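Q: Residue numbers (the numbering used here), protein chains in the order written: chain E, 882 to 1046; chain U, 9 to 105.
Read the hints as simulated data drawn from the structure, not as lab findings. Just so you know, these numbers come straight off a predicted model, no measurement behind them. Think of the CB as a built atom: it goes at the ideal place given N, C-alpha and C, for glycine as much as any other residue. A few of these clues could be false.
Unchecked claim - A short, non-exhaustive set of chain E residues, derived as facing chain U with CB atoms under 10 Å:
1) 890
2) 893
3) 896
4) 900
5) 938
6) 939
7) 971
8) 975
9) 979
10) 982
11) 1036
Unchecked claim - Chain E residues, not near chain U, derived (Cβ > 10 Å throughout):
12) 883
13) 884
14) 887
15) 955
16) 1030
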Amino acid sequence: MIHQFLSSLDRRIPFRRAKAHCDVPCGIYDPIVAQIAALTVVRMVDLIKDLESRGGSDAAFQNSMARYIAVKEEHAEKVKHEIRVIWGDFIKPQHVEKHPETTEVVQKIMQLGSKSRQAVDRDVAVQLVEAVNQFAEIFWDAKGLTVKRAKAPYAPALELVYPNL
Amino acid sequence: MLRILKISGDSLQPELESGDFVIIGKIPGWLSRLKKGDLVAFNQPGLGLLVKQVAEVEAGGQAFVLLGTRPESVDSRTFGAVLRERLVGKVIYRIHR
């Protein structure tokens, strides 16, 4: 009866909601998404530079250039988003205590991600890949796993950090 | 001070179900005597007002490990121990559906 009374009152003057909250999927974090997105930024820079070197201004040229730029924008932002989520949801104070460079690495990723969007600069994009690799090392150590480095099996064949499973 | 909150979500089943109401109190004495098993409401940045169960009391009562009852709950396993100053109140009465 009390619940009925409160429900009736809630319909008129809603009580504040407190969430006994579930998030799905929980516990599925993996920096590989950010790593592949960073590789994509490098790839797009390479494609933009290659197209530029061949010259042109017709519709086909502009169409390709616009698409490469759009994909570079999307994936640079994806890098930042993926790292923000892992940093915010997974990284805990004890991980930062063990790896005090964590905050600096995350800031570097955010800045390089933005710079990658602003410029067509391969060096900046490669630095972004390496910064995400550093974050991946911290992440996998937090999971209790050792890591290895191996060249990605697709262009650009840059080194990525992978967990030893 | 007492407040009534309405529960949204299932991560405290069977203790609390979505749609239940709780009365919370933030009288200083109550919060200083929080123990394992108590339900508390707290503000979590990015997630809002949550209700979870005390699993551990740390740092002489200055921080609390707060967990849901279900494995997929977003709780201290995700965001770490919760500092006392983020607590809004202790659940002192439950009104089930």
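Q: So, against the hints stated earlier in the document, which numbers end up violated here?
A: 2, 5, 6, 9, 10, 11, 12, 13 and 14
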